[in-house]
Amino acid sequence: MTEKMITEKDVEYVAKLAKIELNEEQKKMFLKQLNDILLYFDKLNELNTENVEPTSHVLHLNNSFHEDVPEPSLSPKTVMSLTRHNKSGYFRVPKIL
Amino acid sequence: MQLNELRVIEFIEMVHKKKISVEQVINDIYLRIDKIDQKLKAYLSTNKEVALHEARRIDQMIKKGEKLPPLAGVPVAVKDIICTKGIETTCSSRILQGFIPPYDATVIKKIKDAGAIIIGKTNMDEFGMGSSNENSAYQTTLNPWDINRVPGGSSGGSAVAVAADEALVALGTDTGGSVRLPASFCGVVGMKPTYGRVSRYGVIAYASSLDQVGILTKSVKDAALMMNIICGYDEKDSTSAKTSVPDFLTDCREDISDLKFGIPREFFKQGINTEVKENVLKAIEKIAELGGEVEEISLPNIEYALPAYYLIGMAEASSNLAKFDGIQYGLRIDENNDLEDMYKKTRTAGFGPEVIRRIMLGTYALSSGYYDAYYLKAQKVRTLIKKDFDEVFKKCDLILCPTSPVPAFKIGEKIDDPLTMYLTDAYTMPVNLAGLPGLSINCGFTKDDNLPIGLQIIGRAFEEEKILRTAYNFETHLNSSGYKKPKI
Numbered sequence: 001m002t003e004k005m006i007t008e009k010d011v012e013y014v015a016k017l018a019k020i021e022l023n024e025e026q027k028k029m030f031l032k033q034l035n036d037i038l039l040y041f042d043k044l045n046e047l048n049t050e051n052v053e054p055t056s057h058v059l060h061l062n063n064s065f066h067e068d069v070p071e072p073s074l075s076p077k078t079v080m081s082l083t084r085h086n087k088s089g090y091f092r093v094p095k096i097l
Numbered sequence: 001m002q003l004n005e006l007r008v009i010e011f012i013e014m015v016h017k018k019k020i021s022v023e024q025v026i027n028d029i030y031l032r033i034d035k036i037d038q039k040l041k042a043y044l045s046t047n048k049e050v051a052l053h054e055a056r057r058i059d060q061m062i063k064k065g066e067k068l069p070p071l072a073g074v075p076v077a078v079k080d081i082i083c084t085k086g087i088e089t090t091c092s093s094r095i096l097q098g099f100i101p102p103y104d105a106t107v108i109k110k111i112k113d114a115g116a117i118i119i120g121k122t123n124m125d126e127f128g129m130g131s132s133n134e135n136s137a138y139q140t141t142l143n144p145w146d147i148n149r150v151p152g153g154s155s156g157g158s159a160v161a162v163a164a165d166e167a168l169v170a171l172g173t174d175t176g177g178s179v180r181l182p183a184s185f186c187g188v189v190g191m192k193p194t195y196g197r198v199s200r201y202g203v204i205a206y207a208s209s210l211d212q213v214g215i216l217t218k219s220v221k222d223a224a225l226m227m228n229i230i231c232g233y234d235e236k237d238s239t240s241a242k243t244s245v246p247d248f249l250t251d252c253r254e255d256i257s258d259l260k261f262g263i264p265r266e267f268f269k270q271g272i273n274t275e276v277k278e279n280v281l282k283a284i285e286k287i288a289e290l291g292g293e294v295e296e297i298s299l300p301n302i303e304y305a306l307p308a309y310y311l312i313g314m315a316e317a318s319s320n321l322a323k324f325d326g327i328q329y330g331l332r333i334d335e336n337n338d339l340e341d342m343y344k345k346t347r348t349a350g351f352g353p354e355v356i357r358r359i360m361l362g363t364y365a366l367s368s369g370y371y372d373a374y375y376l377k378a379q380k381v382r383t384l385i386k387k388d389f390d391e392v393f394k395k396c397d398l399i400l401c402p403t404s405p406v407p408a409f410k411i412g413e414k415i416d417d418p419l420t421m422y423l424t425d426a427y428t429m430p431v432n433l434a435g436l437p438g439l440s441i442n443c444g445f446t447k448d449d450n451l452p453i454g455l456q457i458i459g460r461a462f463e464e465e466k467i468l469r470t471a472y473n474f475e476t477h478l479n480s481s482g483y484k485k486p487k488i
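Here the protein sequences come in this chain order: A and B.
FYI, in my numbering the residues of the first sequence are 1 to 97.
FYI, in my numbering the residues of the second sequence are 1 to 488.
Just so you know, not all the hints are guaranteed correct.
Take a look, some chain A residues computed to stay more than 10 Å from chain B by CB distance [unchecked claim]:
| no. | residue |
| --- | --- |
| 1 | Lys9 |
| 2 | Glu24 |
| 3 | Lys43 |
| 4 | Lys95 |
When the alpha-carbon atoms are kept at most 27 Å apart in a straight line, the in silico BS3-like pairs for lysine-lysine are as follows [to be verified]:
| no. | chain 1 | residue 1 | chain 2 | residue 2 |
| --- | --- | --- | --- | --- |
| 5 | B | Lys277 | B | Lys485 |
| 6 | B | Lys485 | A | Lys87 |
| 7 | B | Lys323 | A | Lys27 |
| 8 | A | Lys77 | B | Lys277 |
Keep in mind the hints are simulated off the structure, nothing from the lab.
Everything numeric in this text was worked out from a predicted model, so none of it was measured.
No residue lacks a Cβ here, since even glycine has one placed at the ideal position from N, Cα and C.
Could you build the full structure based on these sequences and the hints that come with them?
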């Protein structure tokens, strides 16, 4: 692997995907830190994992079902009390189109 | 002795014998908090009015001779990552400032049903991301053994609340060591149960394949009692295990002559502080004297656990934290009247630097073209780490090692170098990768600075009983100096 793995453009692209806005100073900081950390992560390539299955979860759970019995849920009033942007029982958001 | 200094089991006995009232104890707890928490900053918020009301209600039950639930009146501190109905829950993040959950997490419901009283919510590294509590958006909790040092993280507030007698017991969460590390740095008992043992319904997710609720206590028996209450299947958590829960409190009192212990040589190599090494080796000798059979073992792939852990944790975090969009609850910044802009402004203002760092790295590791090289690779390495443990547990019941390679470090020492900070979790996070239970118990102090050192006991999945039994025997029969308190 090359010493510098990601560029400022990559940092901007990832920030865009993550919906984060970075100023110039933060971009520089993250460029350095992310490269340092990714370089360290490269250590994993020392291991041959060709015939190894990935582990996404340790418990080997299958689909977890329970009885389909109706139960009371949170009332719309309770849920809407969590926001200051309640308009007639709807969440008001800025213009989408 | 002030009543806030009691252990849970002592408290319960005294309450049942009517030697003390619950109200007295709750009052003593809040007096203690008023006296020292401005300095230590363990709590983000307290719940005095409701707590005193509850205390009086339980005192009335006692007066009337009613049957008491198992934790009647026990004052508990709760990490601010666990949802508490009607009490602000922020994860020490700006993005959740003002969020008042409309429901209790299952673990909160369980302790409340058992009669426990919530004293307040404790400080933490934002969303559980950190090893020092310096990543809280609100305050840095100080270590009561030396206020120039960190308490460890991410459940630092919970560990300090217990160590400094601001609660009798605390709930925390442990994704890569977040209960065990602060327990080690603050000289208390910290137990992380097996993955799936305790319901995570209502616990705000950081890395879902690693997160688990844990407890911080002043004694092993207290930890065993709390385990009896909080463990068990919950249909609201689809990763909850349907394994039966033994009586940990009864079982931990048995001897350990039937147990075999493995000492992983990799954990005593370079990077370990000499005094940590000496004290942990001394503790291992004591456990051998008690009848435990001890042998050296190897976890050959352990040096690859840390990068695998951080990759998996960051990838899962970037996915879990995508839900914080400013729409339904928490912070919202929408001055520019454009939806996309609102998302970005809210998230940028709401998340601290470490959270943004992990979201960025996680997003990168999951992004098109890099998934196989990073995320999938890390999951394969996770398989190898798990196999290492499986091999060891064919011949040993438990593993003994340090909880952390170093004692508590100075505030500010590692905060500017994320990678160095990550190394703090080197001895704890393999346990989360393999989904195993682990416990940290104090096994000594450094000579010059008098800083606590933690012994870590790791067991097979769902064999917490053996861990607690070992810790109990170590604590009672060997650690004759008993539980030491910081002078604060």
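Verification of the supplied hints:
{"no.": "1", "hint": "Lys9", "verdict": "holds (12 Å)"}
{"no.": "2", "hint": "Glu24", "verdict": "holds (14 Å)"}
{"no.": "3", "hint": "Lys43", "verdict": "violated (5 Å)"}
{"no.": "4", "hint": "Lys95", "verdict": "violated (6 Å)"}
{"no.": "5", "hint": "B/Lys277 / B/Lys485", "verdict": "holds (22 Å)"}
{"no.": "6", "hint": "B/Lys485 / A/Lys87", "verdict": "violated (54 Å)"}
{"no.": "7", "hint": "B/Lys323 / A/Lys27", "verdict": "holds (24 Å)"}
{"no.": "8", "hint": "A/Lys77 / B/Lys277", "verdict": "violated (57 Å)"}
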